[in-house]
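Chains V and D, in that order, give the protein sequences. Residue 55 in numbering that gives the first Met the number 0 sits at position 56 of the first sequence, and the numbers go up by one each step. Residue 23 in numbering that gives the first Met the number 0 sits at position 24 of the second sequence, and the numbers go up by one each step.
None of these hints come from the bench; they were simulated from the model. Keep in mind that this is a model prediction, so the values were computed, not measured. One should not assume that every hint holds.
In this list, chains with the same sequence are indistinguishable; a pair is considered to hold if it fits within one copy or across any two.
Said to hold, decoys possible - Straight-line C-alpha distance at most 20 Å; calculated DMTMM-like pairs for lysine to aspartate or glutamate:
{"#": "1", "residue 1": "Lys139", "residue 2": "Glu116"}
{"#": "2", "residue 1": "Lys15", "residue 2": "Glu116"}
{"#": "3", "residue 1": "Lys15", "residue 2": "Glu66"}
{"#": "4", "residue 1": "Lys14", "residue 2": "Glu185"}
{"#": "5", "residue 1": "Lys15", "residue 2": "Glu185"}
{"#": "6", "residue 1": "Lys15", "residue 2": "Glu158"}
Residues per chain, in single letters:
2 protein chains.
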Amino acid sequence: MTEIDGQAGGHRAPKKGLVIVNTGNGKGKTTAALGIVLRAWGRGMRVCVIQFLKNEHARYGEIRAAEKLGIEWLSTGDGWTWTSKDPAATRSRALAAWATAQAKIAGGNYNIVVLDEFTYLLHYGWLDTAEVLAWLAEHKPAMLHVIITGRYAPPALIEFADLVTEMHEVKHPFSQQGIRAQAGIEF
Amino acid sequence: MTEIDGQAGGHRAPKKGLVIVNTGNGKGKTTAALGIVLRAWGRGMRVCVIQFLKNEHARYGEIRAAEKLGIEWLSTGDGWTWTSKDPAATRSRALAAWATAQAKIAGGNYNIVVLDEFTYLLHYGWLDTAEVLAWLAEHKPAMLHVIITGRYAPPALIEFADLVTEMHEVKHPFSQQGIRAQAGIEF
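Construct the entire structure; sequences and hints are all you get.
So this is what it looks like as structure tokens:
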């Protein structure tokens, strides 16, 4: 747990771009990434958010906010949902979205790149986790922070990441109390 | 776990202002609240953030962002830190900050009020948890969302809240790898 990827030896630079993973069954994985986006925007940093999954509520609140703030926001998952009936098309979209993310990551134009709901592509095998991590190890600029969100983060991704937080659902009003999801809070 | 405060009976309205708690030893408690703030701001909702603890890094990123966005941000914890040598003054500041929060909550001018790092006031006994919860039960406007962050959320607060997430530290570069906290990510 003290090594990032099993390659690093003893010395580690005091500052570096982090690979951050927010996973778990609870709320706050995406919103914590958005909070970092807001914080970074406050500092004038360059941020790109790539949304890999089309949320049922389409995430109006954050997309509107990103537009107002001038934050680059790519909804690569448009039209691609959990209920897809066409696995081949789903995989094709996933690969295209990852290609977009690779260009953004390797291009060197950002301080932070957020890969929102990216873990599902790994969990469901649409992308090979080892290949993705090898690509990141080689191509991620040293000072770039990459934030990956979503449930079911594969063990190899957790091993690779620098900072991993599990959001654990203790109590949820929608599943436990029948309260509806609400604008501004949930989407 | 299915009742909010032990008072509610069978029926519950399908929409209501939520009491949300982000607790645990991991990252993302405050940033998840900030993500909701950003999302709500994108929808034109009225948000007030009350920061109960002066962070060692003073939270420049988010304070600058809030200023740029026109989000009301009250740093009531200025000058009040963990290392305070004057417990009486600390308690006095905590009470004053809570009085400010009460005015904001009861005033009815907001859709969301964030009480950042508020749990410590309860955990350390500077405020009485039962009194705070009784006050919220009586005075929080029905549609107002209140978000409370911080470690050590007391069991009574968890019982009272609608939505509780525990952020669990799986891996942390600052404690485990000697990486420095970094602008935009950590503060």
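How the hints compare with the structure:
1. Lys139 / Glu116: Result: close within a single copy only, 19 Å intra versus 34 Å inter.
2. Lys15 / Glu116: neither (23 Å within a copy, 28 Å between copies)
3. Lys15 / Glu66: neither (29 Å within a copy, 28 Å between copies)
4. Lys14 / Glu185: Answer is between; shortest inter-copy Cα gap is 12 Å, intra-copy 34 Å.
5. Lys15 / Glu185: between (32 Å within a copy, 13 Å between copies)
6. Lys15 / Glu158: Answer is within: at 17 Å inside a copy they meet the 20 Å cutoff, but 40 Å across does not.
In summary, the numbered hints that this structure violates are 2 and 3.
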